[in-house]
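Visitor: Mind docking chain B on chain A? Use the hints.
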Amino acid sequence: MADRGTIRLESLTRSYGRVVALDGVDLEVRAGELMTLVGPSGSGKSTILRLIAGLDRPERGRILVDGQDVSRVPPHRRSVAMVFQDYALYPHLTVLGNLLFGLRVRRVRRDEAERRARAAAERLGIADLLGRYPDQVSGGQRQRVALARALLREPTVYLLDEPMASLDAPLRFATRAELLALHRDLGTTTVHVTHDQAEAMTLGDRVAVLDRGRIRQLGPPQQVYDEPADTFVAGFLGGPPMNLVPGGGVLGGSPGLILGVRPEDLILDVDGPVEVTVDAVEALGSESILLTRTADGTRLTVRAAARCGLRPGAAARLRPDPARLHHFDAETGRRR
Amino acid sequence: MTSGRDRRPLTAWAFLAPYGIAVGLLIALPALLNVGYAFTDHTGLTRDPQFVGLSHVRRMLDDGFLLDSVRASAIHLALAVPLRLLAAVGLGLLLAAPRPGGRWFRVAVYLPTVVPDVALAVLFLWVLNPLYGPLNQLLGLFGHAGFNWLSEPGTARVGVALMLMFPIGEGFLVVLAARRMLDGRLYEAAALEGCGPFGQLRRITLPLLAPVLLLLAVRDTILTLQVNFVPAYILTDGRPANATLYLPVYIFDQAFEFSGFAYGALITTVLMVVTASVITALLLVVRRWRVLR
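These protein sequence lines are chains A and B, in that order.
The first sequence: position 174 = 175 (our numbering), numbered continuously.
The second sequence: position 216 = 223 (our numbering), numbered continuously.
Treat each hint with caution, since some may be false.
Derived, one-sided and incomplete: chain A residues facing chain B with beta-carbon distance under 10 Å [as the list claims (entries may be wrong)]:
| id | residue |
| --- | --- |
| 1 | A82 |
| 2 | Q86 |
| 3 | L90 |
Hints in this document: simulated from the structure, not taken from any laboratory.
The C-beta atom is built at its ideal place from N, Cα and C for all residues, glycine as well.
So that you can see chain A by itself, here it is in the shape it has in the complex (with noise of 0.2 Å):
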């Protein structure tokens, strides 16, 4: 049981018409993982999470699951269980209808089948919603009827398509935290798929970073974000993203060369070499984040303390963390 539910990804190849989806992944899920797929929209990290559920076929690569090649099995052989982006909760049902849906079609017994979906509703918090149609709870609501509903399948493999999307901002918070401990309870492998980066580090042992169909790096979030593998991930990973300045510019470096600074590595200091004039301040309560410009023209975004005392038009002197630099090759993109 303890290694049930590795997915292994072999040069996993989708396109549809001229749009190249999926161009050549390679991926290893460890049994029990939470992977978080993340990139921006057109990635490919949805079309990898159907072709492990089976709703999409490769053109080439396998797909295996615990060491199976299931890449022709039909997706109700897979053992995976979906949560889509929406839901997907059927609208003609009751909350309690949804959840027997699938034991209905996989012909459980009806007491069963109840009991069944009463203990997952139990599980989920939403014991009191059984007689309600989905247009008649919360988004939040919704989510769980759809968790319940997955985890009524008993799968190998979760599948989540940015099930946190449609929810508000103070329930995604509070919806991570329960996810992650829903998660470590199971102790499933599931594969994770957002495009929200406060998801993508807080959520996951792993994260994988895709752009264009290709996977740009994959490793703990935190190694991630502390080591970005190219220039893509160093922007895409982060907010405010990197900031990215040529080499012999205001950062130094040698020409060829791309630095990279974080905003929270750039330091106010009156004594710092890099002298900027303040464009804009963002106050957002717990800190600001300074817009600055150099002479030269380039822009650096910094992470300040709240009350930092600037305002637009205010000259400032900054100290990057020599240690937190980063060094990118011009021509690649690539990390050096």
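Guide: This is chain B only, laid out in the frame that chain A set:
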């Protein structure tokens, strides 16, 4: 601000007025007059119709032809509505998915609806011809001797219903549009659960389309009780043995050929009552079976 809010319903009524006036003048008023005429001796040419009380009603209760006519209409209803719905829904669902060449099939399904019903009826005189009609030739391929379609009561009824299975374009379009509005992910979710095409039809498509199907059934019931006039007139003229003497045909015969407006008006009222009771029964069944949420 309040005056603007007050004026808004007035604006709506103003826009509705032309339609309301037309419905009143062209439908409600004649329908009321129709009920009134049923109790007079109006022939359509009478200058000063006189009230004759229940004499037409008494005559109607003894009218064996009317009984035949109601029976013919009922059988036609039971035959044609399910067939037409089945054709419209079946073809609508089959052709809703984008497929290469799909649009040509959709055009083909809609085309008979554009054909004037008289022309379609004349075409069906040929289709149902026992000697050289294609339908009997088709049956011949399976070793069947074929039918003398329009001269036997049973096959004549089927013949008319067959013809009316073709002009189903509107129902077809409604089903097509309604099916295309259903969320494709519901089907993916069902496929993940192991629900096959038939299960998806039964558990997702039909329940979600139920309101539309009910609407089509009601509409088709009203329509079917009336549009059989042209095919019956051209194919069979109510014969054989009054098998296709549908109510509209009998109304026409009585009003314009035999008895005049008054008796025709009375039977028209009967047709209205029959239509209303069938639809009421339909809605009661729907509520009893909880077809709608």
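Visitor: Could you work out which of the previously given hints the structure breaks and list their numbers from low to high?
Guide: none
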